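> Guided by the hints, dock chain B onto chain A, whose structure is given.
The listed protein sequences derive, respectively, from chains A and B.
Residue numbering for the first sequence follows this note's numbering, beginning at 1 and increasing consecutively.
Residue numbering for the second sequence follows this note's numbering, beginning at 1 and increasing consecutively.
FYI, nobody ran anything at the bench for these hints, they're computed from the structure.
Keep in mind that the hints are not guaranteed to be accurate.
[Stated by the list, open to error] Cut-off 30 Å, straight-line C-alpha distance, at most; resulting in silico cross-link-like pairs (DSSO-like, lysine-lysine): (1) B/185 with B/103; (2) A/77 with B/103; (3) A/249 with B/103; (4) B/231 with A/278; (5) A/140 with B/6.
Here the structure is a predicted model, which is why all the values come from computation and not from measurement.
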Amino acid sequence: MATRTPPETAADRPPGPASGRAGRPPAPEKARRGRKSATAGTGRMAALLVSPTLLVLTVVVLYPTIMALRESLYGTKGLDPKTGFISDTEPFVGLQNYTDIFGEAGERFWNAFWNTTFFTVVTVGLETVIGVAMALIMHKAFSGRALIRASILIPWAVPTAISGLLWRWIFNSDGIANALIGHQILWTTEGFHAKVAVIIAEVWKTAPFIGLLVLAGLQVIPREVYEAARMDGASPLRQFWHITLPLVKPALLVAVLFRCLDALRMFDLPYLLVGAQKSSVETLSMLAQNEASNVRFGPAAAYAVALFVYVLLIALGFVRLLGADVVGDAGGPGRKKRRWASKRNRVEVPA
Amino acid sequence: MTATLKWRTWLLYLGVAAVVAYCLAPFYWMLVSSLRRTSDIFDTSLLPAPVSFENYRAVFSPSQGFGRALLNSLIVAGTTTVLALLLATFTAYAMARLEFRFKRLILTLIIATSMFPVVSILVPLLKLFTDIGWINTYQAMIVPSMSFVLPLAVWNLTTFFRQMPDELEQAAMIDGCTRGQAFRKIIIPLAAPGIFTTAIIIFIAAWNEFLIALSMTNRPSIQTAPVAISKFAGASQFDTPFGSQMAAGVLVTIPLVIMVLLFQRRIVAGLTAGAAK
Numbered sequence: 001m002a003t004r005t006p007p008e009t010a011a012d013r014p015p016g017p018a019s020g021r022a023g024r025p026p027a028p029e030k031a032r033r034g035r036k037s038a039t040a041g042t043g044r045m046a047a048l049l050v051s052p053t054l055l056v057l058t059v060v061v062l063y064p065t066i067m068a069l070r071e072s073l074y075g076t077k078g079l080d081p082k083t084g085f086i087s088d089t090e091p092f093v094g095l096q097n098y099t100d101i102f103g104e105a106g107e108r109f110w111n112a113f114w115n116t117t118f119f120t121v122v123t124v125g126l127e128t129v130i131g132v133a134m135a136l137i138m139h140k141a142f143s144g145r146a147l148i149r150a151s152i153l154i155p156w157a158v159p160t161a162i163s164g165l166l167w168r169w170i171f172n173s174d175g176i177a178n179a180l181i182g183h184q185i186l187w188t189t190e191g192f193h194a195k196v197a198v199i200i201a202e203v204w205k206t207a208p209f210i211g212l213l214v215l216a217g218l219q220v221i222p223r224e225v226y227e228a229a230r231m232d233g234a235s236p237l238r239q240f241w242h243i244t245l246p247l248v249k250p251a252l253l254v255a256v257l258f259r260c261l262d263a264l265r266m267f268d269l270p271y272l273l274v275g276a277q278k279s280s281v282e283t284l285s286m287l288a289q290n291e292a293s294n295v296r297f298g299p300a301a302a303y304a305v306a307l308f309v310y311v312l313l314i315a316l317g318f319v320r321l322l323g324a325d326v327v328g329d330a331g332g333p334g335r336k337k338r339r340w341a342s343k344r345n346r347v348e349v350p351a
Numbered sequence: 001m002t003a004t005l006k007w008r009t010w011l012l013y014l015g016v017a018a019v020v021a022y023c024l025a026p027f028y029w030m031l032v033s034s035l036r037r038t039s040d041i042f043d044t045s046l047l048p049a050p051v052s053f054e055n056y057r058a059v060f061s062p063s064q065g066f067g068r069a070l071l072n073s074l075i076v077a078g079t080t081t082v083l084a085l086l087l088a089t090f091t092a093y094a095m096a097r098l099e100f101r102f103k104r105l106i107l108t109l110i111i112a113t114s115m116f117p118v119v120s121i122l123v124p125l126l127k128l129f130t131d132i133g134w135i136n137t138y139q140a141m142i143v144p145s146m147s148f149v150l151p152l153a154v155w156n157l158t159t160f161f162r163q164m165p166d167e168l169e170q171a172a173m174i175d176g177c178t179r180g181q182a183f184r185k186i187i188i189p190l191a192a193p194g195i196f197t198t199a200i201i202i203f204i205a206a207w208n209e210f211l212i213a214l215s216m217t218n219r220p221s222i223q224t225a226p227v228a229i230s231k232f233a234g235a236s237q238f239d240t241p242f243g244s245q246m247a248a249g250v251l252v253t254i255p256l257v258i259m260v261l262l263f264q265r266r267i268v269a270g271l272t273a274g275a276a277k
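This is chain A alone, in the form it adopts within the complex (with noise of 0.2 Å):
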C-alpha cells in the first residue's frame, strides 16, 4: 500500500496559464454567445465520464461505510442474557459496542490502539530520517543513479505479505538476525522485541519510498540557491537545515501524512511476521479482522469505525498543518482562483 502518491499537484495547481483551460476565465463578449450549450455540452460529458467510477465507490467505499455504522450498533447472535433465549437475529444494542470499549471489556482494544500509535510514530519517525539520508545519497551520486533506483523499488515492490514470511525468517531463532549479533533473541514471539521485529521490517519496505519523495522534491531545487549560500559561506550542515530541509518540506510532509494513513491500518507485517492475537504487535486492523473472522460483527464494525476515525483525525490534522497544500479543496484554491482572476480583470480593465 506504499504506492500512493500525494494529492499535490493535480488538486491544488492554481489554476492559471499553465495548467490549461482549468483556470481559463471566462472569454470575453466574442465566445459568450455559445457558451451556454457549450457548458450544458460538457457537463453532461463530465457526468457521464465520471460517474461510473463514483458509482463504484459508492458501492465498495459508501456503502459498506454506512452499514459498518448500522453494524456496529448490533450485537453478536448467541445467548441474550436479559431474556435468556437464543437469538437467531443480531440484538440492536445501541452504542454498547462503543461504550464497551471504555469498560472492562476495551483491554484489548487500547492495547491495539497503542500499539497502531507506537507502530505509526515510531516507524514514520525513522523512516523520515532514513528517507531523508536515503535522498541526500542518491541526490548526490551521479555514478550508479539507474542501480539506486531499481534497488530502491525493490523493497516497496516486494509484496508485505512476502516481506512479513522473510522477516519472520530472518528472525528465526537460527535465523541470520541472531548469528549476525551473536545473541539468541526469540524475536517472533511476544514482547517488546517483537515490536522492534516489527518496526525494523515495516521501515525496511516503506523508507526507500520516503526516499524517492523526498529525492523528486531534492530534484527541483535550484542549484543557484546553493551556489549563492556556499559563497556567503554557509557550511553543509547550515545549508542543509536553512535550505535543503524547508525547501522539500511540502513533499516530505505530503510523503509523511501518507506513511502515517499507511501504517495506521498496518495489517499484514505483524500478522505474517509474528501472528494473530499477539497482544505486544496486534493492530487495530488486525483486531477488527480477527472480530470479523469470529462473526463478532458488532464489536469488529465498532473497532473498524474507531480506526476510520482516528485516521480522519490525523488526515485533518495534517490538513491543517499543512493549510491548503493537501487537500486541494480546503478553500485556499478558490480564494487563488478569485485573486488570480481579479487580478487578471484588473490587468485587462485599461487596456
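Relative to chain A, chain B alone:
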C-alpha cells in the same frame, strides 16, 4: 583540496553502497535461502553451498496448489487493473480537461477514499458477500480492491492528462473531430505511456493485496499467492517450511522485480508525480 574531494567521493560511494545494501540485503537473503537444501536451511553462509532447487520443486508439488494460487493472483490483479484503468481513464480525462461543477469536491472525495482503512469496509462487505454467496469467488476479491486502486488510478492519470498540451485536442476538434473522437484518436495514444505506468503501479498494488484476499476466501483453490504462501504447511504442526516459503516468495516477487527493473524510470515518474511540485 583534491584530498578532501577524493575523500568526499569515497564517502559518497560508501553511501551509495549502504543504500543498495539496505534495500537488497533482505531480498538477497530470501533468494539465497530459497536455493538451499532443506538439510542446510539454517546455514548462514552468504552463498548456498550446493545450490539446490529442492524448495522450488516442493513449492510446485501438487499438494501445495501453488500454481493455481499464482493463476488466481494473476486473474484477480489483472482484472482489477483492467477495470480500474477503464473507469479511471474516463474520470481522469474529465478531471483534467473539462470544467464542471463540484469538480474539486469530487476529486478530493476520490482521493480521500484512498486514505480509508480497508478493514472498515471489510466487515460489511464480508457480511454482504456471505449473504449473496460470493465468498470464495474472484469478484469478492476484485470488487473491494477497487476501493484503493481506483482512487490511485484516477489520481495518477489526472496528473498525466494534465501534462499533455491542450492545443492538440483543440486542433483535432477544429479539424472536425468531436470531443470523443479527439479523445480516442489523439489523447489515448499520446497518454499511452502514462496509462501504462499507471497500469504497472495498480497491478503491483493489487498483486500485493493480502487482507481482502485473506478474509474473502477459505478454500485453498481460490486463494491468491500471498495468502497461499502464508498457509503453506510444514511436515509437522510446529515446523514452518521456511525453504518453500522463501522459494514461493521469490516466485511471487520476481514478476514485480522484472517490471521494476524494466520500467524503473516510469514507475518513479508515476510515484512521484504529485510530490515534487
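> Indicate, hint by hint, whether the structure satisfies it.
Hints and how they fare:
1. In summary, the hint linking residue 185 of chain B to residue 103 of chain B is supported, as the alpha carbons are separated by about 25 Å, within the 30 Å threshold.
2. Note on residue 77 of chain A and residue 103 of chain B: the hinted pairing is violated, with a Cα-Cα distance of about 44 Å set against a maximum of 30 Å.
3. With a C-alpha separation of about 28 Å, the suggested pairing of residue 249 of chain A with residue 103 of chain B holds against the 30 Å cut-off.
4. Taken as a hint, the residue 231 of chain B and residue 278 of chain A pair is honoured in the structure, with Cα atoms around 18 Å apart against an allowance of 30 Å.
5. Proposed proximity of residue 140 of chain A and residue 6 of chain B is supported: the alpha carbons are some 14 Å apart, at most 30 Å.
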